[in-house]
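Asker: Going down the list, the protein sequences come from chains E and D.
The first sequence stops at residue 131 when you use this note's numbering, and every number in between is there.
The second sequence stops at residue 329 when you use this note's numbering, and every number in between is there.
Derived from the structure by calculation, the hints contain no laboratory data.
Note that the structure is a prediction, hence the values are computed from the model and not measured.
It cannot be assumed that every hint is accurate.
Okay, the calculated beta carbon distance ranges per label pair [as the list claims (entries may be wrong)]:
| no. | chain 1 | residue 1 | chain 2 | residue 2 | range |
| --- | --- | --- | --- | --- | --- |
| 1 | E | A119 | D | R243 | 22 to 28 angstroms |
| 2 | D | A277 | E | M113 | 32 to 38 angstroms |
| 3 | E | D37 | D | A287 | 35 to 41 angstroms |
Stretch by stretch, here's where chain D covers chain E in the computed footprint (C-beta under 8 angstroms, at least three residues) [what the hints assert, rightly or not]:
| no. | segment |
| --- | --- |
| 4 | 18 to 30 |
| 5 | 64 to 73 |
| 6 | 89 to 100 |
Residues on chain D that point at chain E, a partial pick, calculated with CB under 10 angstroms [as the list claims (entries may be wrong)]:
| no. | residue |
| --- | --- |
| 7 | V261 |
| 8 | T271 |
| 9 | A272 |
| 10 | G281 |
Here a beta-carbon is modelled for each residue, glycine too, at the ideal position from N, C-alpha and C.
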Amino acid sequence: MGKATVKARAPEAELPLTPPTFQILLTLADGERHGYAIMKEVADRTDGGMHLGPGTLYGSLKRLLEGGLVDEVGERADPELGDERRRFYRITPFGIAVTRAEAQRMDAAVRAARKKKLLAPRPA
Amino acid sequence: MSPAERAYRLMLRLFPAEFRAEYGREMAQLFNDRRRDAGAHRVQFWAAMIVDTARSAPALRLGKWRAQAGGNFHLEGRTMKTMAILAILIGTLEVVNSAAEAWVGGLVLHG
Numbered sequence: 008m009g010k011a012t013v014k015a016r017a018p019e020a021e022l023p024l025t026p027p028t029f030q031i032l033l034t035l036a037d038g039e040r041h042g043y044a045i046m047k048e049v050a051d052r053t054d055g056g057m058h059l060g061p062g063t064l065y066g067s068l069k070r071l072l073e074g075g076l077v078d079e080v081g082e083r084a085d086p087e088l089g090d091e092r093r094r095f096y097r098i099t100p101f102g103i104a105v106t107r108a109e110a111q112r113m114d115a116a117v118r119a120a121r122k123k124k125l126l127a128p129r130p131a
Numbered sequence: 219m220s221p222a223e224r225a226y227r228l229m230l231r232l233f234p235a236e237f238r239a240e241y242g243r244e245m246a247q248l249f250n251d252r253r254r255d256a257g258a259h260r261v262q263f264w265a266a267m268i269v270d271t272a273r274s275a276p277a278l279r280l281g282k283w284r285a286q287a288g289g290n291f292h293l294e295g296r297t298m299k300t301m302a303i304l305a306i307l308i309g310t311l312e313v314v315n316s317a318a319e320a321w322v323g324g325l326v327l328h329g
């Protein structure tokens, strides 16, 4: 399974991201995680609004790996979860750039909604 | 392997074979992790697993077909929906066949 040639692609070309994809990248932005840890952090961050199932999570990770936004970093046990070996994932520099671009896109949308008074003004 | 994991591994046959080979073990791991977290809420848990499979398996099969067809794979929305349903039916038949084989095998072994 070859990775795309990431150098030739602008981060903006990957947008918009699906909500699960953005949440997975956001989770990996500050460190390596295995699948269960990604699922837990996304559920916590969204106050239970998004529970990633195995098909959704690994389907998304497959696309992110193929697109060069995420790398695999081998298998090891998580001491908090016992001896079972788990595959860890980390975000790539290109993945960081895409996540930042998506956050900026959403920020622009929120600013437009505030301008239209659909959202409360940003607190001072 | 618990009966629940055995049932989920049957459901995994709805996904493309290459995807199962690459991610099947991790998907079963996550299934067991979420089942542990679900505690007594088994009905909601199984509903979530079925919905997750129903949403993600057809997309992955269609993605595989697109990759095999190259750049000339253009389908209308209704045709894609039909193919997705067919993919799920094919996968469901595979699951039923595997379950039947396991049941018959058990009858033969244990009388």
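Asker: Hint validation: A272 (chain D) versus chain E, beta carbon distance must be below 10 angstroms. Holds or violated?
Answerer: This interface hint holds because 9 angstroms falls under the 10 angstroms limit.
Asker: Regarding A277 (chain D) and M113 (chain E), is the given constraint of 32 to 38 angstroms on their beta-carbon distance met?
Answerer: Taking Cβ atoms as reference, A277 (chain D) and M113 (chain E) lie about 23 angstroms apart, which means the hint is violated.
Asker: Tell me whether the statement that chain D covers the segment 89 to 100 of chain E is true, taking a Cβ distance below 8 angstroms and needing three residues at minimum.
Answerer: That given contact holds, which follows from 3 residues of the segment 89 to 100 of chain E lying within Cβ reach (below 8 angstroms) of chain D.
Asker: Can you confirm whether chain D covers the segment 64 to 73 of chain E, using C-beta to C-beta distances below 8 angstroms and requiring at least three such residues?
Answerer: Holds, because 5 residues of the segment 64 to 73 of chain E bring their Cβ atoms closer than 8 angstroms to Cβ atoms of chain D.
Asker: Given that the segment 18 to 30 of chain E was listed as covered by chain D, double-check it with a C-beta distance under 8 angstroms for 3 or more residues.
Answerer: violated (count 0)
Asker: Quick one: are A119 (chain E) and R243 (chain D) within 22 to 28 angstroms, going by C-beta?
Answerer: For A119 (chain E) and R243 (chain D) the Cβ distance comes to about 45 angstroms; the hint is violated.
Asker: Classify the hint on T271 (chain D) as holds or violated, based on whether any CB of chain E lies nearer than 10 angstroms to its CB.
Answerer: With a minimum Cβ separation of about 5 angstroms from chain E (threshold 10 angstroms), the hint on T271 (chain D) holds.
Asker: With 35 to 41 angstroms as the target window, see if D37 (chain E) and A287 (chain D) comply at their CB atoms.
Answerer: At 39 angstroms between Cβs, range holds.
Asker: Is the interface hint satisfied for V261 (chain D)? The criterion is a beta-carbon contact with chain E at less than 10 angstroms.
Answerer: With a closest approach of 15 angstroms, the V261 (chain D) hint is violated.
Asker: Report holds or violated for the interface hint on G281 (chain D), using the least CB-CB distance to chain E and a cut-off of 10 angstroms.
Answerer: 8 angstroms, holds
Taken one by one, the earlier hints fail for this structure at numbers 1, 2, 4, 7, listed in ascending order.
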